[in-house]
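There are 2 protein chains.
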Amino acid sequence: MAPARITDLDVVDIRFPTSRELDGSDAMNPDPDYSAAYVILRSDAADGLEGHAFAFTIGRGNDVQTTAIAALRDHVVGRSVEAVCTDPGSVGRALTGDSQLRWLGPEKGVMHMAIGAVVNAVWDLAAKRAGRPVWKLLTDAPPEWLADQVDFRYIEDALTREEAVALLRKGKDGAAEREARLLAVGYPAYTTSPGWLGYSDEKMVRLAEQAVADGFTQIKLKVGADLADDVRRLRAARAAVGPGVRIAVDANQRWNVAEAVEWTNALAGHAPYWIEEPTSPDDILGHAAIRKQVAPVKVATGEHVHNRIVFKQLLQADAIDVLQIDAARVGGVNENLAILLLAAKYGVPVCPHAGGVGLCELVCHLSMFDFVALTGTTEDRVIEYVDHLHEHFKDPVILRDGHYAAPTAPGFSSQMHATSIAAYRYPDGTFWAADLAAQQKGTKR
Amino acid sequence: MAPARITDLDVVDIRFPTSRELDGSDAMNPDPDYSAAYVILRSDAADGLEGHAFAFTIGRGNDVQTTAIAALRDHVVGRSVEAVCTDPGSVGRALTGDSQLRWLGPEKGVMHMAIGAVVNAVWDLAAKRAGRPVWKLLTDAPPEWLADQVDFRYIEDALTREEAVALLRKGKDGAAEREARLLAVGYPAYTTSPGWLGYSDEKMVRLAEQAVADGFTQIKLKVGADLADDVRRLRAARAAVGPGVRIAVDANQRWNVAEAVEWTNALAGHAPYWIEEPTSPDDILGHAAIRKQVAPVKVATGEHVHNRIVFKQLLQADAIDVLQIDAARVGGVNENLAILLLAAKYGVPVCPHAGGVGLCELVCHLSMFDFVALTGTTEDRVIEYVDHLHEHFKDPVILRDGHYAAPTAPGFSSQMHATSIAAYRYPDGTFWAADLAAQQKGTKR
Chain A
5 MAPARITDLD VVDIRFPTSR ELDGSDAMNP DPDYSAAYVI LRSDAADGLE GHAFAFTIGR
65 GNDVQTTAIA ALRDHVVGRS VEAVCTDPGS VGRALTGDSQ LRWLGPEKGV MHMAIGAVVN
125 AVWDLAAKRA GRPVWKLLTD APPEWLADQV DFRYIEDALT REEAVALLRK GKDGAAEREA
185 RLLAVGYPAY TTSPGWLGYS DEKMVRLAEQ AVADGFTQIK LKVGADLADD VRRLRAARAA
245 VGPGVRIAVD ANQRWNVAEA VEWTNALAGH APYWIEEPTS PDDILGHAAI RKQVAPVKVA
305 TGEHVHNRIV FKQLLQADAI DVLQIDAARV GGVNENLAIL LLAAKYGVPV CPHAGGVGLC
365 ELVCHLSMFD FVALTGTTED RVIEYVDHLH EHFKDPVILR DGHYAAPTAP GFSSQMHATS
425 IAAYRYPDGT FWAADLAAQQ KGTKR
Chain B
5 MAPARITDLD VVDIRFPTSR ELDGSDAMNP DPDYSAAYVI LRSDAADGLE GHAFAFTIGR
65 GNDVQTTAIA ALRDHVVGRS VEAVCTDPGS VGRALTGDSQ LRWLGPEKGV MHMAIGAVVN
125 AVWDLAAKRA GRPVWKLLTD APPEWLADQV DFRYIEDALT REEAVALLRK GKDGAAEREA
185 RLLAVGYPAY TTSPGWLGYS DEKMVRLAEQ AVADGFTQIK LKVGADLADD VRRLRAARAA
245 VGPGVRIAVD ANQRWNVAEA VEWTNALAGH APYWIEEPTS PDDILGHAAI RKQVAPVKVA
305 TGEHVHNRIV FKQLLQADAI DVLQIDAARV GGVNENLAIL LLAAKYGVPV CPHAGGVGLC
365 ELVCHLSMFD FVALTGTTED RVIEYVDHLH EHFKDPVILR DGHYAAPTAP GFSSQMHATS
425 IAAYRYPDGT FWAADLAAQQ KGTKR
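First to last, the protein sequences are chains A and B.
Taking the numbering used here as reference, the numbering of the first sequence is continuous, increasing by one, and the terminal residue is 449.
Taking the numbering used here as reference, the numbering of the second sequence is continuous, increasing by one, and the terminal residue is 449.
Take the hints with a grain of salt, since some may be wrong.
[Stated by the list, open to error] With a straight-line Cα cutoff of 27 Å, these simulated BS3-like cross-link-like pairs (lysine-lysine) come out:
1. B:K302 with B:K349
2. A:K349 with B:K296
3. B:K174 with B:K349
4. B:K349 with B:K296
5. A:K302 with A:K349
6. A:K174 with A:K349
7. B:K296 with A:K296
8. B:K349 with A:K296
9. B:K349 with B:K176
[Claimed, not checked] Ranges between beta-carbon positions, derived for each pair:
10. B:A6 with A:Q443: 22 to 30 Å
11. A:D51 with B:A232: 44 to 52 Å
12. A:T164 with B:E383: 39 to 47 Å
13. B:G202 with A:V189: 56 to 64 Å
[Stated by the list, open to error] On the chain B side, residues computed to face chain A include the following (Cβ under 8 Å):
14. M32
15. V114
16. M115
17. E160
18. D161
19. T283
20. D286
21. G290
In case anyone wonders, no lab produced these hints; they're calculated from the structure.
For every residue, glycine included, the Cβ atom is placed at its ideal position computed from N, Cα and C.
The shape of chain A in the complex, shown without the other chains:
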């Protein structure tokens, strides 16, 4: 019998009209329409399983992202399902190594996000075949196999394969107990839901109080548009949540180095826990300079850091206190493994970026692996949580008392409902077709 093969790579442009409620609004992104350039890997295997994943965008350009994913089709279609699922790292290497597509990065921007989507779809398929959630697949895997998944190119000056294997072996000590604790308690979360820049003070305070009531011990506010507004909002939030709840603030890259220092220090009286994305995600030395001048406020970044090589340098330069991985920006689970290993070596806590559409669903698997089988701790570690769009996912995240519950369904929790895809497919899904028709009639849905 011929081995099962990947038979198709489908791509769908899915967009949600989130800008209409100012959900997700911040100083750089006033009106995002949360979107997914969505991939489905199909095979001729008898099990009928599919691999689903996506790149996350905020609206315009989602068509560029789907075109980039489609450009990877020939690298995947025709491959043995068994081969790719037992070695997803080989797919990652083949995609990042395409000598012509590489010119469009290398390993950054649209093309790298496309690679991440395809690699994550392979991980979803691999985990479904293994009958386990991705976090469990990773925690059960031998250290040597995990190290094989990592591309050490350009990071060996900071982390060798041997060091990675040693960290992963050490991570096995006590893993069973931690897994039991994870299943019982979950992984700590913080919430950004109160803090969008487009919300009124009253709505922000109400949501901040609700967050504390819901068991969160950290919230986050967007800042960076107007200093007086930020001081007023932070003061109101601090009054609402009291001194025991951490309040992170997030400038979404709004500032130059000097502005970041000045603005952060102007907020310091209300004890912000971290300043997130104070400047360009490319500015390693800028973050290092800011960090020296805003301590004890911590410096956090990562959601726009495009690959392991930049994260390596942020660590080498002592530029960050908090490393924020994103599940759908870098080259998939494989590259996030490299980044988690780098953070573990340098002793910097990882607090993932999430929200958008589906980012919570994906990234919690990575933090849970980190807790159970790598760093062994959740101290000073929280996963971002935003209560948006989870209803579109087959296995949505579940929050309990400010903690992410460990996913139990096989896969990467990355699969959307077929009905959601049919409705929000752009521009021909049922929602958008009706919306367009309504707009043409001069009414607004």
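Could you slot chain B onto chain A? The hints should help.
Frame of chain A; chain B shown alone:
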């Protein structure tokens, strides 16, 4: 009368079958098909002038690049021709500032190259309307206007607007004499034509000897695939050109930091002038570490450096001896102005990357401006030259005795012949249609 407007932004996928001759082959790019995601801006102005420019790619993915350019159409179409041509910087800011498209970078990869293409098309149109080549438009411009074109966001910690204006004012001293010298002598070039990895030793030596006979005082060899081959080729090239000709070597990102140091030092006996792209273009700290360990061999990089923020840090970290701008990777003339100003402030010579298709045509304008009206020198400065595909351009570069002649035609020298576009448009141009038909018949053109 209504002011003239930009009426359309056309995009064409143009590909040349260069891989068939191994032209352009190196350790990371074994088989490039030099391609252009080509933009044409049209207007309803009575002069009938069009703005032409392109993003350069090496084959696969040129369709992704054209899709990205098309995503920018609504930012440009409908704008006043006068307004965009008197302030191209405003177009650059509008394109990089699109709050949704920004998510796909920011300022890197496919989306940023697309922005560069559109911005450069505006500069081509502006220079054609002014009846001057771009280098002359820049050298004649007031310092304040040039500074207005620069986006200082994220670089003010290294270069303020005031410092930029001061550098540009100083650059005016003696500019008329230098312009006369430029017109008489041209700008020094070096050639990479002998050094492609796919060439035999005999072809390499023959082309190296020819380069010296043609007046070049520097050549470049590709390295990084096999050390013994590299030592043999460098020895043969050194014997062919003698001790007085500089030989640069180029690893095209092939190595980790330690490998770069070891390999470069193994070649040091044959006196390479610079080692180019020893490692990942994202690795600022890696380049700094390499530079310390391979001196007196110089470290050069830049063709894949994605924006001014990374160049800023390469300079701040003393990571490079030679800064290699590329005309079609960053956000167009505006961002290259920022990079030239940073290099001038830090006293690092700029030796542009060129070759591919049309990169020589574009980038010489920037070096010529740098010589006439910014740094005022060509010492240790050379523009790469490769003798490929110039015949497709309306105003091709002219080399005389190892020097680029100053372009005299109005514009950015970026416009291809309509016949070339019609032939190499992919996949439906006359060349590709015939090629495909021949392949289907089992013959090879």
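Exercise for the section: Identify every previously stated hint that the structure contradicts and give their numbers, smallest first. Expected result: none
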